Amino acid sequence: MQLTVNQLSKTIAGASVLRNVNFTWQPGEIVGLVGRNGAGKTSLMRTMMNQYLPDAGSVAIDGMMFAEQPAARQQLIYIDPANLFFKRYSLRHIADFYAIGYPGFDRARYEALLVDNDLAPTQQFRALSKGYQAVVVLALTLASNAPFMMLDEPFDGLDLFVRETIVKLVIAEIAGGQRGFLIASHNLNELDGLADRILFLKNATIDQTITLEDYREHAVKLQLVFPGKSLPPIVHEAGQVITISGRVATVVFPDYTPAVQGAIEAANPVLNEALPLTLTDLFRHEFAKEDGQ
Amino acid sequence: MDDQRFGQYAYYERLVLQIKQQVVQGILQPGDKLPSVRDMAKQVQLNPNTVAKAYKQLELDGTVQVQPGKGSFIAAHTMPAAAQVAELHQRFSAVVLAAKAAGVTTATLCEWAKEHDQEG
Chain V
1 MQLTVNQLSK
11 TIAGASVLRN
21 VNFTWQPGEI
31 VGLVGRNGAG
41 KTSLMRTMMN
51 QYLPDAGSVA
61 IDGMMFAEQP
71 AARQQLIYID
81 PANLFFKRYS
91 LRHIADFYAI
101 GYPGFDRARY
111 EALLVDNDLA
121 PTQQFRALSK
131 GYQAVVVLAL
141 TLASNAPFMM
151 LDEPFDGLDL
161 FVRETIVKLV
171 IAEIAGGQRG
181 FLIASHNLNE
191 LDGLADRILF
201 LKNATIDQTI
211 TLEDYREHAV
221 KLQLVFPGKS
231 LPPIVHEAGQ
241 VITISGRVAT
251 VVFPDYTPAV
261 QGAIEAANPV
271 LNEALPLTLT
281 DLFRHEFAKE
291 DGQ
Chain L
1 MDDQRFGQYA
11 YYERLVLQIK
21 QQVVQGILQP
31 GDKLPSVRDM
41 AKQVQLNPNT
51 VAKAYKQLEL
61 DGTVQVQPGK
71 GSFIAAHTMP
81 AAAQVAELHQ
91 RFSAVVLAAK
101 AAGVTTATLC
111 EWAKEHDQEG
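Residue numbers (the working numbering), protein chains in the order written: chain V, 1 to 293; chain L, 1 to 120.
With the rest of the complex left out, here is chain V (with noise of 0.2 Å):
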């Protein structure tokens, strides 16, 4: 089973919020979808859904377009935060809204959720606090049965134990391989560890996908000091300057070589130590171009 995001396109009011997205995803993926605020996260989400009508381009579940097969769409899910049109209604009435939608709605496996968290199904959703909004909408997400689920910030201003539930949840539910996640954020940090690959949304199409495992295994971040005034030319070559305080530079190598590594020894670095590398240099690094532009 795959979902194919083939040349997605939208502009609305003029301005392109869509360009040419193209993609493919997995059950048993967890993909991160990462750009800055206003980069169009959530008007893909939407235009997936049909929500927003694409101009050009399309999605597909094994080759059955949504355009002309609207029960392909069953197979995918998104609740999004920013309509949320059951707000008035008790978590029981919720259901029968999605369940309407998903024939293969699960309705013992949401209460159950509902109850494993302190929730009664007799509770009416605007009364809730913000994070256990977020968890009944993962619980309808994972109700749902689409193998395809689409979670918009779904860590957007929770506390650290609401996080803790809802990254448990995620991961029990991969697991199991039938289902995969595709997770918006405009923090690459929250999906650290938890996301397959990232595709980075920039300028209104996906400018890069990254394995993040891979890319840890061969970048490096390194302090440097070097007896000259200036860097060694490999430093600008090979890597990407992050902070530079007087002597001091802090570089991120993405494709740290032996070659790479033979240069910068070659020219005797009074300091040479390796430092965690954080996604938040990988994340500057890639946005920063984007003002230049």
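Derived from the structure by calculation, the hints contain no laboratory data.
Predicted model only: the values in this text are computed from it and were never measured.
So the derived list for chain L, only partly shown, Cβ under 7 Å to chain V, looks like this:
{"no.": "1", "residue": "8"}
{"no.": "2", "residue": "10"}
{"no.": "3", "residue": "11"}
{"no.": "4", "residue": "38"}
{"no.": "5", "residue": "41"}
{"no.": "6", "residue": "42"}
{"no.": "7", "residue": "45"}
{"no.": "8", "residue": "46"}
{"no.": "9", "residue": "47"}
{"no.": "10", "residue": "48"}
{"no.": "11", "residue": "49"}
Below, simulated DSS-like cross-link-like pairs (lysine-lysine); rule was C-alpha separation at most 30 Å, straight line:
{"no.": "12", "chain 1": "L", "residue 1": "70", "chain 2": "L", "residue 2": "33"}
{"no.": "13", "chain 1": "V", "residue 1": "87", "chain 2": "V", "residue 2": "168"}
{"no.": "14", "chain 1": "V", "residue 1": "168", "chain 2": "L", "residue 2": "20"}
{"no.": "15", "chain 1": "L", "residue 1": "114", "chain 2": "L", "residue 2": "100"}
{"no.": "16", "chain 1": "L", "residue 1": "53", "chain 2": "L", "residue 2": "33"}
{"no.": "17", "chain 1": "L", "residue 1": "100", "chain 2": "V", "residue 2": "229"}
{"no.": "18", "chain 1": "L", "residue 1": "20", "chain 2": "L", "residue 2": "56"}
{"no.": "19", "chain 1": "V", "residue 1": "168", "chain 2": "V", "residue 2": "130"}
{"no.": "20", "chain 1": "L", "residue 1": "70", "chain 2": "V", "residue 2": "168"}
{"no.": "21", "chain 1": "L", "residue 1": "70", "chain 2": "L", "residue 2": "53"}
{"no.": "22", "chain 1": "V", "residue 1": "168", "chain 2": "L", "residue 2": "53"}
{"no.": "23", "chain 1": "V", "residue 1": "130", "chain 2": "V", "residue 2": "202"}
{"no.": "24", "chain 1": "L", "residue 1": "33", "chain 2": "V", "residue 2": "168"}
{"no.": "25", "chain 1": "L", "residue 1": "56", "chain 2": "L", "residue 2": "70"}
{"no.": "26", "chain 1": "L", "residue 1": "20", "chain 2": "L", "residue 2": "70"}
{"no.": "27", "chain 1": "L", "residue 1": "56", "chain 2": "V", "residue 2": "168"}
{"no.": "28", "chain 1": "L", "residue 1": "33", "chain 2": "L", "residue 2": "20"}
Glycine is no exception: its CB is placed at the ideal position from the N, C-alpha and C atoms.
Take the given structure of chain V and dock chain L to it, following the hints.
What follows is chain L alone, placed relative to chain V:
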């Protein structure tokens, strides 16, 4: 997953090192069963694919033995394979050489080795 020394490694490598460290310290003993991939993933809050990769690496390294249908168990201490010792020796030599070139004294290197002894 929060040992600062392993910060620059990939997550699966960190998990491999963490489990090996627990074996060295005796927290995990031969015959102990590791949690299932799913349970471990929930415990350390990592993608199950990452945990599966770490388990595979531990199996390749001989740290764990997989019993099909039962799970992964910490392997009994056996004499390390000669090829593995030779490879580790080679890597060790390379590190020592790099350290000496950088001006680290033999005494400091010995201290580093001792730090690990104290950990168990």
